[in-house]
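Trainee: Now for the letters of each chain:
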Amino acid sequence: MTILQVQNLVKEFDGIKAVDDISFEIEKNSICALLGPNGSGKTTVFNLISGYLKPERGKIFFNGKEITLLSPHKIAKLGIGRTFQNIRLFLQISVLDNVMLGFKYEKGDKFFSALFQTKRMKKEEKENLFKAEEILKFVGLIDKKYELAENLSHGQRKLLELARILAREPKLFLLDEPFAGLFPETKKTMVDLIRKLKEGGKTILFIEHDINSVMGLAEKVIVLNYGKKIAEGKPEEVRNNKEVLNVYLGKKYEQNP
Amino acid sequence: MDYLIHILIITGIYTILTLSLNLIVGFTGLPALGHIAFACIGAYTSSLLALNFGISPWIGLFIGAILAGFFGMVIGFPSLRLKGDYFALATFGLGIIVYSIVKNWVSLTRGPMGLPGIPHFSLFGYEISSGWSYLILVLTFVLLTYLAIRNITNSPFGRILKGIREDEIATLAMGKNVNKYKLIVFVVGAFFAGIAGSLYAHYITFIDPSSFTVMESFTVLLMVVFGGMGSLKGSFVGVLILVVFPELLRFLGMPNSIAAPLRQMIYGLLLIILMIWRPQGLLGKFKFK
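Taken in order, these protein sequences are the chains called V and D.
Per our numbering, residue 1 is the first one in the first sequence, and the count goes up by one each step.
Per our numbering, residue 258 is the first one in the second sequence, and the count goes up by one each step.
Careful: at least some of the hints might be erroneous.
[As the list claims (entries may be wrong)] Quick list of in silico lysine to aspartate or glutamate cross-link-like pairs, EDC-like style, CA-CA up to 20 Å:
(1) V:K77 - D:D424
(2) D:K437 - V:E106
(3) V:K104 - V:E150
(4) V:K187 - V:E219
(5) D:K340 - D:D424
(6) D:K542 - V:E147
(7) D:K437 - D:D424
(8) V:K107 - V:E169
(9) V:K110 - V:E127
(10) V:K74 - D:D424
(11) V:K187 - V:E199
(12) V:K104 - D:D424
(13) V:K54 - D:E425
(14) D:K542 - V:E150
(15) D:K542 - V:D97
(16) V:K198 - V:E219
(17) V:K77 - D:E425
(18) V:K110 - D:E425
(19) D:K544 - V:E150
(20) V:K123 - V:E147
(21) V:K110 - V:D97
(22) V:K74 - D:E425
(23) V:K220 - V:E27
(24) D:K544 - V:E147
The set of hints was computed from the structure by calculation and includes no laboratory data.
Predicted model, so just to flag it, every value in this text is computed and none were measured.
Please work from the sequences and hints to get the whole structure.
Mentor: Next comes the structure, spelled out in C-alpha cells:
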C-alpha cells in the first residue's frame, strides 16, 4: 500500500529548477532513502512534502489525500513528522519540554484551559509527561530531561529532534540527514531507532548523501541529481547504476571499472 | 505618605502594562513596540463613555479593555504575518497612528487639550478617588493580571508560546497553528493594556495624548527587558526599579529641567550596562537571538 505519492513535482527558485519533474511512491511500513550530492534538491523535496514550500507544478498525496497546498501545521497534523537538516530545537527550554511540545492535546492546549488551569488540562499533562519520559528512555536521553536543549551535544540534539517527533506519533517520518556529523556509536543508536520504528509499523523516508550509509538500512533508494530523479530501486541495484556512479565517482570510473 | 502611595499606584499600573507586554515579547518572542497604543484606546474609551454617556467607569474599563483587545486583533491579523523586525516596525507604526488619531480627532478627543474631569471609580456610593482605596483597586487588578498571565504561561498553551519564541518553523512542524497562537497572545496583551490605560485615566482624572507617546511604549519595553524576558517576577522588579529609581533623583534637590533629561540618560545607561553583562535581564531566563 502506498502511503506517499509524489507526482511530477516542479519547484523553481528564480528560474532555476531545484526540483524538476520528480515522481515517486513510498510504500507503507518501509524505509526509503533520498540520495544525492549537495544541491541536488533533496531538502527541497522534503520542504515541498511538509508544506514549507509550494510547488510550481505537481501533486503530493498522503494516504490518498492531496496535501500539495496545505500549510505545514496541517500536514504535520495529518501524520507527517519531519526533522531538519540544521537541527531546529527549542534551545532555551528543557529537553522534557521539547518533547512535550510535540504532543497533540485534545483540550489541554487551549487558551481557556490554560487560563482556568482546568482539571482536564492537568490530567492530559500528566499523561503526556509519562509518555514523554518513555520516549526519552527510548532514545536514551532520560538523564538529560531537565537540561536545556542548548546544552546538548550535536548527537544528542539529533536524538532529541527525533524524540520530539516521536511524541507526535506520525505515520510517516521525514528525516533530513539523520546521520550527519554523528559519532559511529550515536550513528548506530540512530540506525537501531529507525529499525525499531519500522518494526512498530512506521514509514521512514530519510535524506542522505553518503551512499554507504544507505546500504543495509534502506529498502528502496531514490537518487536525485540537479533536481532530477536519476535512479530508483533497491540499494544494490542503485549502487551499480551507471548514472549514479557517474554522479558519485565521475565519468572516469565508467571507462575503467 | 500620599506621595509614596502615588508612586505605588503608578508602579501598579506600569506593572499591568509590563506583565502583559512580557507575555507578548518575553514569552512569545514578538517584538511589539506599540503597546501603549492599547492603553491609550482603553483610557480614551472608558473616559469618553463616562464623560459623554455617564457610563460607570467599571463598565467603561471593561468595554475599553475589550475594544483594545479588538484593535489588537484587527492590527495583529495582518501584522503578525510579518517576521521579526518588520513586525516591530508595524507595531511602532501602530503606536504613532493611535497617538496621531487621539491628537487630531479634536471633535471626539479634544486633541491636545485633553479630557479633564474624568470621574473616579465608585463602589457602593463610596468614591475611590485617591490614596489607599485606589492603591487597593490597582493592586487587585495587578493580582488578576499576574494570575491570568501566570496561568496562561504555565500550561501546554504557554509551552507552545515558548516554542514559537524559540523556533517558529519547528513549532509548525509540531502541528501547531502558529499564527493563531500569536493572535491570541496579542489580543490578550492588548486587553490587559486597555485595563491599565483605563485605571490610569480614572486615577489622574485627566488624560491627553502626551501620556501615550511612542516613548512610553519603549519605557514599558525597557521594563520588560530590564526585569527579564519570560520572567513574571522580573517584570515586578523591572517596574519597581525603573519607576522608583528616577523618583529618588528628586531628593537630590535637582531642578526638574535637569532631572528629566537625566532620567532618560540613566535609562539608557542602565540598558547598555545590562545588555553587556546580563542580556537576559535581571531575572530573565531567555535571551534575544
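Trainee: Could you tell me which of the hints above the structure violates, numbers in ascending order?
Mentor: Of the numbered hints, 3 and 20 do not hold.
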